[in-house]
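Peer 1: Sequence:
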Amino acid sequence: MLKPIHRVTSSPALAACQELMQCFALWLCDKNIKPADITQANLQAQMPSLIEADWLWRFLDREVDSSKLIHRAQQIAGLIDAEKDNLRLWIQATAMLPQHFGPIPPAALPTQLPNNWKAKTPIWVAFKTLLVSFYEKGFKDGLPYRIDSTPTDVKADQVTYAKFVAEFRAAHKLDPDPDAREVCVLCGGELKEQEVDHWVNKGKFPLFSVCADNLLPICGECNAGDDTKGQKSVHSTGDFSDWFHPYLRPAYGALALEYQLSTMTINCVAVQAVNQPKVNNLNKLLNLETRWTREFKAEHRKKQKEAADRKQRGRGPHNLTELQEWLSDYRDGLVESEPNYEVHKVLAAAMLEPTRLATWQGELGLAP
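What the sequence shown shows, in numbering that gives the first Met the number 0, is residues 0 to 367, in sequence order.
FYI, nobody ran anything at the bench for these hints, they're computed from the structure.
Glycine residues also receive a C-beta, built at the ideal position from the N, C-alpha and C atoms.
Among the hints, a few may not be true.
[Unchecked claim] Cut-off 25 Å, straight-line C-alpha distance, at most; resulting in silico cross-link-like pairs (DMTMM-like, lysine to aspartate or glutamate): (1) K310 to D331; (2) K203 to D147; (3) K203 to D29; (4) K162 to D147; (5) K344 to E181; (6) K2 to D226; (7) K136 to D147; (8) K191 to D226; (9) K139 to E192.
[To be verified] Derived CB-CB ranges, DEER-like: (10) D29 to L49: 19 to 25 Å; (11) H299 to N279: 22 to 28 Å; (12) V195 to R293: 24 to 30 Å; (13) V268 to P104: 47 to 53 Å; (14) R168 to A297: 22 to 28 Å; (15) K30 to S232: 29 to 35 Å; (16) P353 to T110: 49 to 55 Å; (17) S66 to V195: 23 to 29 Å; (18) V268 to L88: 37 to 43 Å; (19) A297 to Q45: 54 to 60 Å; (20) T354 to T110: 47 to 53 Å; (21) V273 to T236: 19 to 25 Å; (22) T354 to A170: 39 to 45 Å.
Please construct the entire structure, taking both the sequences and the accompanying hints into account.
Peer 2: Written as C-alpha cells, this is what we have:
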C-alpha cells in the first residue's frame, strides 16, 4: 500500500459475482431446499436473472477432484435445519466486510468455522470447494457479467481473471510506456512474478474468493516470499481496527520511511501516531523493514562502488564538494514511477548527511 490503490472498471462485475455467490449459498441454507431441488428451473426462479441462473447451472456441472460441483451443493442442501441456520448466520456475518472499516464496525468477523466444523471436516471442504471454484473455475473462464455488472452470456463481453489482471496493472502502472517497469502497489518494488492475492484468506472465508474489495495483483515476494503475506491473517481475531486494507482503509500517505544512519536500516513510521499500530501490523505482514533495509544497503553499496570507480578513472568526485554535488544529482534524478523510489529517496537523504559525507570522504581519500 505504498502506492495508491483503487478499484478498476471491472470491479462492479466482481461485486456482482460475490452477490450471486451469497444468494446461492443462502438459498442452499433454506430449510425447504433439499438436494433434489437443485435444478436449472429452480435456479432460474431464485437467482437474480436467467443469465446468472443458466451460467450457475453450467458452473455446477464442472468437475473438481473428479466430482461435479453440484454434488458439493447437494451436500449443503442436505444439512439438517440447525446446521443450515448456523451456516446462514455465518454467511451473513462474513458478508459485512466493508462495514468493518466504517465508523461503527459490527462485531468481529467470525474466525471460527460454523457448526464447530474443522478445516478438514468433509462438509466444510465441500462448501469451501464450491465457493472457491467461482474464482478458480468461473473467474478464470468468464463471469456472467460485463464490466458494469450487467449480466451477459456473450463470452467476449464477460469479465475474466486475465482481463481483470490486465486492467488492474494498466490502471496502476505509474509510467504508461509499454517498456517501463511496473511497481508493486504494496511494497513499491518491481512487480516481478505478479500474483493475485486474496487480502482476506479465501480458504478461511471462501465468500471472498471473488470480491471487488479482496483481489489485489501484487509481486511474488509480497504474496509468497519468505516471511511475507502468504497465509497470514489481516485482522486480529476478526477485528480490523488496527489494520489497513488496500481498498477500504488504504495505507497510502499514512506511512513513511525513516532511516537510522548508525545501523543503516529503515523503519516504518506512521505519519499520524494514531496509525502506528496499523503500520506495525502492515510491516509484520509484509516484512517491509527487512526488505527495504536490504534494498537500502544494496543501493548504498552500488553508489560506493560507483564513486570509487569514477575516482579511479579520474572522473571524480575529487573533493567533498564534488561528492556532495554528485550525490545531489543522484537524489534529483530519482524518478517516482521507478521501483524502490521511496527507499532510494531515503538513501539519498542519508548519504547527504554530513557524517556520511565525511565517512565517504575518508574512504575515497578525497580532498576537503
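Peer 1: Evaluate each hint against the coordinates.
Peer 2: Results of checking the hints against the structure:
no.	hint	verdict
1	K310 to D331	21 Å, holds
2	K203 to D147	28 Å, violated
3	K203 to D29	22 Å, holds
4	K162 to D147	14 Å, holds
5	K344 to E181	18 Å, holds
6	K2 to D226	21 Å, holds
7	K136 to D147	21 Å, holds
8	K191 to D226	17 Å, holds
9	K139 to E192	18 Å, holds
10	D29 to L49: 19 to 25 Å	20 Å, holds
11	H299 to N279: 22 to 28 Å	25 Å, holds
12	V195 to R293: 24 to 30 Å	25 Å, holds
13	V268 to P104: 47 to 53 Å	25 Å, violated
14	R168 to A297: 22 to 28 Å	26 Å, holds
15	K30 to S232: 29 to 35 Å	33 Å, holds
16	P353 to T110: 49 to 55 Å	51 Å, holds
17	S66 to V195: 23 to 29 Å	26 Å, holds
18	V268 to L88: 37 to 43 Å	41 Å, holds
19	A297 to Q45: 54 to 60 Å	58 Å, holds
20	T354 to T110: 47 to 53 Å	49 Å, holds
21	V273 to T236: 19 to 25 Å	21 Å, holds
22	T354 to A170: 39 to 45 Å	43 Å, holds
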